[in-house]
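K.L.:
Next come the chains, spelled out residue by residue.
Protein chains: 2
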Amino acid sequence: MTKIEGKIVFGIDIGGTSVKCGIFSREGELLYKDEIPTRTQEAGRFILEDISRHIAELSEKNSIEKADVLGIGYGVPGPVQEDGVVNGCVNLGWGKIDVAEQSRKLNGGIASAAGNDANVAALGEFWRGAGRGAKSMLMITVGTGLGCGVIVNGRVVFGAHGAGGELGHIPLVSGLTEPCNCGKTGCLEQAASATGIIRAAQRKLKESDEPSVLRGKDDFMAKDVVDAARNGDALADEVLNYSCRYLAQGLAVAAGVVDPEMYVIGGGVSKAGDFYLDKIRSAYRELAFYASRDAKIVQAALGNDAGMYGAARLVLGSMEA
Amino acid sequence: MTKIEGKIVFGIDIGGTSVKCGIFSREGELLYKDEIPTRTQEAGRFILEDISRHIAELSEKNSIEKADVLGIGYGVPGPVQEDGVVNGCVNLGWGKIDVAEQSRKLNGGIASAAGNDANVAALGEFWRGAGRGAKSMLMITVGTGLGCGVIVNGRVVFGAHGAGGELGHIPLVSGLTEPCNCGKTGCLEQAASATGIIRAAQRKLKESDEPSVLRGKDDFMAKDVVDAARNGDALADEVLNYSCRYLAQGLAVAAGVVDPEMYVIGGGVSKAGDFYLDKIRSAYRELAFYASRDAKIVQAALGNDAGMYGAARLVLGSMEA
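Chains as they are written, first to last, in this note's numbering: chain A, 271 to 591; chain U, 271 to 591.
Fair warning: there could be bad hints in the mix.
All copies of an identical chain are treated as equivalent in the list; a pair is satisfied when it fits inside any one copy or across any two copies.
Unchecked claim - Restricting the straight-line Cα-Cα distance to at most 25 Å, the calculated cross-link-like pairs of lysine-lysine (DSS-like) are: (1) 366 x 566; (2) 566 x 454; (3) 366 x 303; (4) 366 x 405; (5) 566 x 474; (6) 476 x 493; (7) 336 x 303; (8) 366 x 493; (9) 331 x 277; (10) 331 x 290; (11) 375 x 277; (12) 375 x 303; (13) 493 x 541; (14) 336 x 290; (15) 277 x 303; (16) 290 x 541; (17) 474 x 336; (18) 290 x 375; (19) 541 x 487.
Think of the hints as simulated: they come from the structure by calculation, not from any bench.
From just these sequences and the hints, can you work out the full model?
P.N.:
Below, the structure written as structure tokens:
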């Protein structure tokens, strides 16, 4: 490792199995990154201590003085208030915990901030990724669930109850009977997440005997549905159109609330690129209010690093405010 | 008229038939109000001149010195950018016009700002009405159309294309064939506006021969539907439930984007009070994401004055920024 010069920020993205740790320059250059395991035992009580120890080790190895650390930002997979208090986080075993305050205690008073993982991923893309230069943006991460972050006037919309950018759980999808993880039925993520794509394909295979390359496969992923659709499989294409139309409706609905300059789509499924995005784009143009119709819909640029970027940006932003 | 002392702000709400003019203290007390007609002739070219002349007259009558006028704020019934440029306004005959700039020219350089009428009404309720003390708020005005304004971190969300808070035109309503004014079909205002309530009642009367006090009436208003429902008319109650459920879905969807602290419902229909609001509240609780479920839904407090209040607040805010 080479010596890291000048002022730096730590961007920490806490996931259910590993913690991604990034060292950033103040301007947002990723200077170094690695991962440590997430110890979720005993209600996740070791997680912040492990991170603190790792930060101390990284600082020593890289000759980073405490005075050079501008702050530590965290992305957390649960609802987080603007002041850095997490309102419970099932994946980590956490109850209510003030992550910013704990971090300051564990790291000798270094400025700290925390945000929801989807929100900080959006902030990361806004700062140094696909949303660079925009003033407002909405990001959707299409994965197991549907992550979302909303940026207005350059700031993450945390929401009054830590639920800003919970687009995955807006009531939109009709005709479903199975409940969403949140307890309701008809949430956008039930149709638009990767899981939603798989479930829709399974339903469609069951309901008809239309031929499809997906038929008879024991387990398939959302990527298999996308690949099949791209290769001309009519059933898979229909499933993908269904999913993309709901996602587009979600964006059109968000347009009527905050009218963002652009939309950034991330997560595994978005790697299908224009084949997938064009389906969203054409449905969005049809569904959105005319003034918002030309907003760009683009692919995310930072991949799995977006959360680290945004966590770093979050603590820089909170220092400016 | 008594002499008006101290620094003041003009809050001007431009409607299609009249212009409401208010004189406010810096703290938001309405000191005086009146109206002048809106001259929409010749592409609305006289409107801002008429207002300027009226401001000069009011200032003279009330011994208001130019140095005491902090600013002039305008509410305009069309899309307005954050810099005060109006992107066309059918009701006034305007094309693209920089209202803030024109106002400064006509009024000797006095600070000026303009916003969409629904957005400034929301800002008015936020400043001095039902939203007082909140940090974020969404206001819906149930009238001929469905007006909406969104406040996040104390600021109006104008949107990248002047279309922030266009909740009336989000695609939500299924089963309609007639188009909305905006050209699409299935916009929220087609079910949730006063016009939407009337149309839904007309459809229901046509489709069934269920008895109803509305049957046989040539013309009825949304208020008649509400009154009938309140008096136990089953058909009217069903229509109102339909309308309120869609409105609640609109709020639940907005919750997933900005998660506001509260919702304020204004416009003629909202005067029905809790009988109407309780239908929205119970559907909202069912449809919203759990974290946002307890957000308050309350009646607007400022009536037709909300626009003047918000226009005044807008120019004060733009001076602080």
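K.L.:
Hint by hint, note whether the structure agrees.
P.N.:
Now the hints, each set against the structure:
no. : hint      : verdict
1   : 366 x 566 : between (38 Å within a copy, 23 Å between copies)
2   : 566 x 454 : between (31 Å within a copy, 20 Å between copies)
3   : 366 x 303 : neither (28 Å within a copy, 50 Å between copies)
4   : 366 x 405 : between (32 Å within a copy, 22 Å between copies)
5   : 566 x 474 : neither (31 Å within a copy, 40 Å between copies)
6   : 476 x 493 : within (20 Å within a copy, 48 Å between copies)
7   : 336 x 303 : within (18 Å within a copy, 60 Å between copies)
8   : 366 x 493 : neither (36 Å within a copy, 46 Å between copies)
9   : 331 x 277 : within (16 Å within a copy, 61 Å between copies)
10  : 331 x 290 : within (18 Å within a copy, 68 Å between copies)
11  : 375 x 277 : within (21 Å within a copy, 48 Å between copies)
12  : 375 x 303 : within (24 Å within a copy, 56 Å between copies)
13  : 493 x 541 : within (9 Å within a copy, 52 Å between copies)
14  : 336 x 290 : within (21 Å within a copy, 59 Å between copies)
15  : 277 x 303 : within (16 Å within a copy, 56 Å between copies)
16  : 290 x 541 : within (21 Å within a copy, 53 Å between copies)
17  : 474 x 336 : neither (57 Å within a copy, 71 Å between copies)
18  : 290 x 375 : within (21 Å within a copy, 56 Å between copies)
19  : 541 x 487 : within (23 Å within a copy, 58 Å between copies)
Hints 3, 5, 8, 17, counting from the list given before, are not met by this structure.
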